[in-house]
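Asks: Working from the sequences, and respecting the hints, build out all of it.
Protein sequences appear in the order of chains A and B.
Here the first sequence stands for residues 120 to 610, where the numbers follow my numbering.
Here the second sequence stands for residues -14 to 180, where the numbers follow my numbering.
The reader is advised that the hints may include incorrect statements.
To be verified - Below, in silico cross-link-like pairs of lysine-lysine (DSS-like), each with a Cα-Cα straight-line distance of 27 Å or less:
#, chain 1, residue 1, chain 2, residue 2
1, B, 143, A, 350
2, A, 133, A, 526
3, A, 484, B, 64
4, B, 176, B, 101
5, A, 484, B, 67
6, B, 115, A, 484
7, A, 303, A, 385
8, B, 143, A, 246
9, A, 246, B, 33
10, A, 606, A, 596
11, A, 381, B, 101
12, B, 176, A, 484
13, B, 33, A, 388
14, A, 246, B, 176
15, A, 484, B, 131
16, B, 40, A, 385
17, A, 450, B, 33
The hints are simulated quantities; they were obtained by calculation from the structure and are not laboratory data.
Note that the coordinates shown come from a computational prediction; the quantities given were computed from them, not determined experimentally.
Next come the chains, spelled out residue by residue.
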Amino acid sequence: MIQVDIAEKQQHKKLFVTWSITFLILFPVLITLGFLMRAKQGQLIDISMNKFYSFMTLHGLGMAGVLFSIAIASLYYLIGTRYARLSIKTGYFAYYFIVIGVVGLVIGTLIGEFGAGWYMLYPLPFKGAYWTEWSIGMSFFSILILGVAWLIQCLHILIELSRNYGGFKNMIGWQYFSKNSPVKELPSIVLISTISLLASVFAVLAGAVMDILFLMQYFEPSLELDPLMMKNIIFFFGHTIVNATMYLGIAWLYALLPEFTKRDWKVTKLVVIAWNCTFFFILFAYFHHLYMDFVQPMSLQYIGQFASYFSSIPATAVTMFGVIGQFYRSKTRWSMVPTMFLLGVAGWAIGGFAAVVDSTITINKVLHNTLWVPAHFHTYMLMGIVLIIFAFLYYISANENTDNDIKPGLSFWVFMGGSYGFLLMFYLGGLYSIPRRFSDYAGIDTSAVRETGTTLAQIAAFSVLILLIALLSMYVKLIKRLFHSLKTITV
Amino acid sequence: MNLLITPLSIQSTAAFVSLLGAMLVVGVVLFLVITSSDYEDKASAKAKVYRMRDKYFIGLALTILIVLITSLGMLPYPKFQKTADMDVTVVAMQWSWKMGQGTIPADQDLVAYDGKNEITLPANKLINFKVTSADVNHNFAVYNSKGTLITQTQAMPKYYNNLQYLFTEKGDYEVICLEYCGLPHAYMVAKIHIE
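Replies: Following this line, the structure appears as structure tokens:
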């Protein structure tokens, strides 16, 4: 732990509250885009295909980007005030870069109607036929700006942690396997942050390669890239960044949950092995996105299923059992933060389980690109990482004092009900073979698919409306408390 | 809405297994909430949980190995494919399908390929669909008349994916594009009649 004075902590807190407010504004806006899409699919409203797919693109890119950004910002605060000195200037530089990137994406999608989707398979961005030419370049430039900001933050945190914790080998816990006892005790948050940030660096670099190749194609249309290679790069980037977001959240879960349960959660050899394995599973599980590309080398298909299955061992046997060990007979007061942590891990488990099921090649053959896919990733995003992020916001709003944490009210439970209602419609959609990424189902001749898809979308839209209203009603108190916490900082 | 349609056993199995998993998670959450009013010394509580974890670890590792061994033996990839009774060429193109019996030369101009959006094929013959695309990524997904997805493969420019399927039931099947391919993606459908 490092000692920071009150002025430095104040600066970090201002930066984090700026991040929080930005996140709290963008998040419901992006949910609203999701609501409009489900309402359109349910024939409740009429919007053009152009609008639908530009909304879909902004919703996907926006959610993945905003959640990853707030996850890094949360760690930036926690690490910067407790584990390693981090530059406030670098923090603001990244913040403004990300805001510029987001504004660029909003202009590219909502004005230029760029609608190639958040994972844009080559060469669709250049052959969508409907969106404006300039919006393609604008969107890729914006993604590149985001990538630069993320990379700077990740590397800065890694370098500063490395200074404080005796180098990279120690940070990933290898010192626990040397003959001598560890040079310096490794906090679990440092180990997990290192693994997650390192995976993020790989993902962002892959994203940069993808983006630069897309930009080259944009400026030189005669260029021809290999669609299978591009698909591998795109899914490596997309899959890894989304997974890393979850693991960044787990990093502060390890650090903060013990404050509520009054039970320590230390790094052991088992925890080190689990997180080192997780690093490889994060990097290689992405192959499961390419099961339906039969020309992909079969060994990679096997690796996809192996990595996806085995990733469940460290996640459940170490982290989730660790959570059980934290709560079991601990007399924890069920205030907002521990409740959100427990339910967030539960959402991660439920979504993860459905993902592992879909990562079975023979099952993927009938679930791939049906609504089962958004079902599982929305579960571990909305009911997983989002809850863990909100737990952090509530923790900060309580001024990092467990006694100040408020109890979950009616709005929170309505939010949970609306969210699971919304998710259930996705799962039923997968069960009934309803395609994903459809602006509407009117073009399908088979009545069972057309009618089921439309009805599920209607119920989903209604559920989103409920969760959105509940979320906004939670905001009033949360935002007040966040601002109040700025005035009452203690070291 | 017709929720009475019976999905194929694969979808039902996936949903059933996922439901069991979700119920297990909910059970653990409820257990933790119920037992949280009691207090136990952290060392003894953790020891109990970790004993349970050891059993869980062995159970999970064995389950994974068994499922891997049983599920990796019947994959849709070329190594597991047989000699087909018939080849059918499928060319995906924004936003329609062109299908025809037989194969086409490697240097065939795919845009000019004269395939049809509707094809009639025999029942109980192993069909080898040679699937490619003339422009962007698409996905050749076959739905039966009850609206259940029965098989699929990606249609990718520059590559041919061979998808084999034996239609045992006569009737009308619908081809639906399952890879987002541009604005009218949701309208990119075709028909296969099995006689």
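Asks: Please go over all the hints and tell whether each is borne out by the structure.
Replies: Outcome of the hint check:
1. 143/B to 350/A: holds, 13 Å
2. 133/A to 526/A: Distance ~25 Å between residue 133/A and residue 526/A Cα, so the pair holds.
3. 484/A to 64/B: Roughly 16 Å separates the two Cα atoms, so the pair holds.
4. 176/B to 101/B: With a Cα-Cα distance of about 9 Å, the restraint between residue 176/B and residue 101/B holds, given a limit of 27 Å.
5. 484/A to 67/B: Between residue 484/A and residue 67/B the Cα gap is close to 18 Å, so the pair holds against 27 Å.
6. 115/B to 484/A: holds, 17 Å
7. 303/A to 385/A: holds, 13 Å
8. 143/B to 246/A: Since the Cα atoms of residue 143/B and residue 246/A sit roughly 15 Å apart, the hinted pair holds (cutoff 27 Å).
9. 246/A to 33/B: Violated, at about 59 Å.
10. 606/A to 596/A: holds, 16 Å
11. 381/A to 101/B: Cα-Cα ~69 Å, so violated.
12. 176/B to 484/A: Between residue 176/B and residue 484/A the Cα gap is close to 20 Å, so the pair holds against 27 Å.
13. 33/B to 388/A: holds, 19 Å
14. 246/A to 176/B: It holds: about 25 Å lies between the C-alpha atoms, which stays within 27 Å.
15. 484/A to 131/B: The hint holds at about 18 Å.
16. 40/B to 385/A: This hinted pair holds, its Cα atoms lying about 22 Å apart.
17. 450/A to 33/B: Holds, at about 16 Å.
Checked against the numbered hints above, the structure breaks hints 9 and 11 and satisfies the rest.
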